[in-house]
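A.B. asks: Starting from the two chains in their separate frames, assemble the complex, guided by the hints.
These protein sequences, in sequence, are chains A and B. The first sequence begins at 1 in this note's numbering and counts up by one. The second sequence begins at 1001 in this note's numbering and counts up by one.
Fair warning: there could be bad hints in the mix.
Taking lysine-lysine and the DSSO-like style, the derived pairs with C-alpha atoms no more than 27 Å apart in a straight line are [as the list claims (entries may be wrong)]:
hint, chain 1, residue 1, chain 2, residue 2
1, B, Lys-1250, A, Lys-257
2, B, Lys-1250, A, Lys-273
3, A, Lys-273, A, Lys-257
4, A, Lys-274, B, Lys-1250
5, A, Lys-182, B, Lys-1250
Simulated from the structure, these hints should not be mistaken for lab results.
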Amino acid sequence: MRLLCDHVSYTYTSLLTPSRQALEDVCLEINEGGILAIVGASGSGKTTLIQHFNGIFRPSAGRILADGRDIHAAGFDLHALRRRLGLVFQFPEIQLFEETVFQDVAFGPGRLGIPEDEIEGRVRSALSCVGLDFAMFRERSPFGLSGGERRRVALAGVLAMEPEVLVLDEPTVGLDRRASLKVEEIIRGYHDRGKTVVFVSHNMDFVARLADRIVVMHHGRILFDGGRAELFRDEAILHEAGLDMPQVPRFMRDFAKRGAAVRTDVFTVEEAKKELDRYAEAGKRDAGGRR
Amino acid sequence: MIDVRSISYRYPGEAGLTVLRGVSLTLRRGEYVALMGANGSGKTTLARSLNGLIHPCEGCVSVDGMSASDETELYEIRRRVGMVFQNPDTQIVATTVEREIAFGLENLGVDHPEMVRRIDAALARFDLSEYRQASPHLLSGGERQRLALASVWVMHPHYYVLDEPTSLLDPHARREILGFLQRERQAGDRGILLITQFAEEALGCDRLAVMDAGAIVLDGPPPDVFRRIPALHALGLDVPVGIELEDYLKEHGIASFV
Chain A
1 MRLLCDHVSY TYTSLLTPSR QALEDVCLEI NEGGILAIVG ASGSGKTTLI
51 QHFNGIFRPS AGRILADGRD IHAAGFDLHA LRRRLGLVFQ FPEIQLFEET
101 VFQDVAFGPG RLGIPEDEIE GRVRSALSCV GLDFAMFRER SPFGLSGGER
151 RRVALAGVLA MEPEVLVLDE PTVGLDRRAS LKVEEIIRGY HDRGKTVVFV
201 SHNMDFVARL ADRIVVMHHG RILFDGGRAE LFRDEAILHE AGLDMPQVPR
251 FMRDFAKRGA AVRTDVFTVE EAKKELDRYA EAGKRDAGGR R
Chain B
1001 MIDVRSISYR YPGEAGLTVL RGVSLTLRRG EYVALMGANG SGKTTLARSL
1051 NGLIHPCEGC VSVDGMSASD ETELYEIRRR VGMVFQNPDT QIVATTVERE
1101 IAFGLENLGV DHPEMVRRID AALARFDLSE YRQASPHLLS GGERQRLALA
1151 SVWVMHPHYY VLDEPTSLLD PHARREILGF LQRERQAGDR GILLITQFAE
1201 EALGCDRLAV MDAGAIVLDG PPPDVFRRIP ALHALGLDVP VGIELEDYLK
1251 EHGIASFV
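For reference, chain B alone in the conformation it holds in the complex (with noise of 0.2 Å):
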């Protein structure tokens, strides 16, 4: 489980912004989270703290009850924890496709048929096997996002946090990244936290927390929490249209059969 116990986070210096104010989250394996937020609410200072990239001033973030400030702890700590952002180009670091799913495998000391063996399932189960040797920057956007995913996969994480993976991508790409997650889900043991400005791409999820000046102020099932319509609109949120119309609906009293 990643245990996000009241943790607060200020930027470094005199002016330094707070922007996480005691917050408080779980992530179990085998659960399937959606994280929405106004721009600059703290998702994404959240999501770096769940793997150790930043360290909260106050509280703290244990991953399967090892501290993510523990720096000899970090190293299995961002192995269990797959990061995946918005711009796959912010991570790809390899020349070619086949390299920089190999690049987390080689630092993790796996040898070398397990290495081939996984290398292999990756690029199949990412459709990426016809650019084994092809430079990433060749690859449309919805591809190098595929490979992101594919070099976090390769090494077995146990939780994958996602800040915003489908908001650059068209219909098509974005549906091959869910229904991928979806499938990890159905593994049962993986969790997932997913950061989204799509409200529709919460509905799928076992629970929604929604974040604001740095404070998570709803966390629930998604129907309940989108129920909650004017406040989500307050805090500049959209809600699945389908879950607007059915609440006119009732509050209305209009049924399909009059």
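In isolation and in its complexed conformation, chain A is listed as follows (with noise of 0.2 Å):
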């Protein structure tokens, strides 16, 4: 599916207090394939932002076109898109309510309508997705697992559905390190089927090593649109939108600044240490020649 912020803007509104522009002339270009990362300090509206992508929220200005038909317009249906793209909440778990660890997984698809003997198959690939036994979850209590279990739990619920677009809102904030890399091997895995993903986060780290293109959003606006590559390059928009550089091409460019020829767009450790490897390989080429 191809998703289109077609200048969209958003204004909250509110008896209470003074309205307060959230968007202002998006245009943002959703394509098949490839994960995508949107950043940007608090309150500069990404969540508003995501909201948009499934009909939650109605531009006060601007459309949100799926496949190139107004989300809003009058016919369409916004159930079958909701089917299609797949949003996460931040702290999806606070939704889990069900008894067992299979009713809760089970309950998006069930709302579909999937057939009653698809939907075992649906939640057992789903709890395989994100890592937990289906024996030895599916009878569980939600409330009876770690932080980090019921997350997993609520993102399979999500998964079970099957969406071709999934839309995460902070998907590893409070979670401690084992935790943050599963959700991380599962938005990887999700993608390595062929889906869409896109996800919000603070982390800098967690967004280096997996999108391959960001947004940054500041007061509402899109400030840039590009690779991960050319963002981390770019130390005056990170500067401007509160940003901080991720630690290993960090670690690349001091090392770089240092005098060492290093290519300083690597995003994980391991790429980092492949990149040191060759460097000092090379080094070894060039003093075997001198000699």
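C.D. replies: Put into structure tokens, the structure is as follows:
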């Protein structure tokens, strides 16, 4: 599915507080495949933007198009859209409410009208995606699980609907490292099945490892939209948006400043080690040549 | 000094889970200590024992010589040990920013001119002056966390105990909180215990203690503790990328000028 935000603006209005423009003339095209991260300071409009994707919010101006069709036009089937685009909110585990893990994961597919005999297969496959053993977890109460496991059950509930586009709001917030790595693996795995993933995060290390494209939001506008290598080279934009340089490219940049000819567009520790090896090898060859 | 001596804690009830097993830890005034550990390792339980929110089943906790199990000392202990939690909404109670900061002072019986002086100072220091009469729920997450800190700072605590205070914040708000802690540290007479999942935050501390399964398994200067990379990874903890890669350079004899 192709999703297009066409000059979208949104203003929050409330009787109690002055109205506030949360999005201003946002144009964004999301094509099939790929992992897109949306970053920016709190209040920059990230969450408001992704809640436009499936029609929770209606733009004050502009349109949201799914495969070329305005999702708020008369006759557009929003339910069908929500079947194809799954949205995982912040702290999704607080919405778990069923007695067993099975019932909770089965809830979404059930509401979509998936036939009863297909549901078990969906639940089984979704739990396997999030790394929870079906037999071991199906009858357990979600409330007896650890925080990381609860988050994975909530994720499985959305994966069981097998959306073409998976949209997640701060999927690792509040998790420890082990649980975060698990979530990272789940996102990568879902993408590898040919799906589109969009996520919002404050954690630049996580963003840099995972996303091939990054959108930076700032005061309701898109400040940057491009590849990670391009963004993390641009210290002025990072500074303006109040974002941190991820640790891996920061290390490589500092190492390069010490006079080493290394690439700085590497984003995982493993890639960095490979690049350092390559650099050391090249150095040895040079030294050999001079001898 | 906060002195934790081989404390153990079990949740009440027959099936009560043991969450602390013989933990000892000291925090001196002027010292900035980080505490890391996977979820469920006992960090929060340990933090809650430091100002008597929970009482250990064995062992003892003392604060400047007062026992945290002595109910008559609890009031003074809680003034001296200021707590800040991950989610500021769990500790904000008042209807305006100013009243929130005044809340603890009113209970302390500070006289009016002094109260006004301290509140003004707190509003200025935490950059909240423009929100004086605002309702806390209209503030951003980062502003609410600054308010939680301001409400503790205004009590002139001897120690800050902060339980993952930055984990819900954006990078900018995170830097503000960490910057405040560094300034408090430079003031020299406050002790700080910072519980964190972010290895980089621990780098700026004097000491790093690591918990696993209810016990402290490593405790030392952060650069030394972080050198134990395989051990930390096995405990489910992060190592700052800079340290891991510097180590790799050394181990493989790679220098910046070959």
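A.B. asks: Within a Cα-Cα threshold of 27 Å, do B/Lys-1250 and A/Lys-273 meet the stated pairing?
C.D. replies: Distance of about 12 Å is within 27 Å: holds.
A.B. asks: Run the distance test for A/Lys-274 versus B/Lys-1250: straight-line Cα separation, threshold 27 Å.
C.D. replies: Since the Cα atoms of A/Lys-274 and B/Lys-1250 sit roughly 15 Å apart, the hinted pair holds (cutoff 27 Å).
A.B. asks: Are A/Lys-182 and B/Lys-1250 close enough, with their CA atoms no more than 27 Å apart?
C.D. replies: The given pair, whose Cα atoms are some 30 Å apart, is violated under the 27 Å limit.
A.B. asks: Given the hint that B/Lys-1250 pairs with A/Lys-257, does the C-alpha gap stay at or below 27 Å?
C.D. replies: 18 Å, holds
A.B. asks: If you draw a straight line from the CA of A/Lys-273 to the CA of A/Lys-257, is it 27 Å or shorter?
C.D. replies: Cα-Cα ~17 Å, so holds.
Consistency note: the structure conflicts with earlier hint 5 alone.
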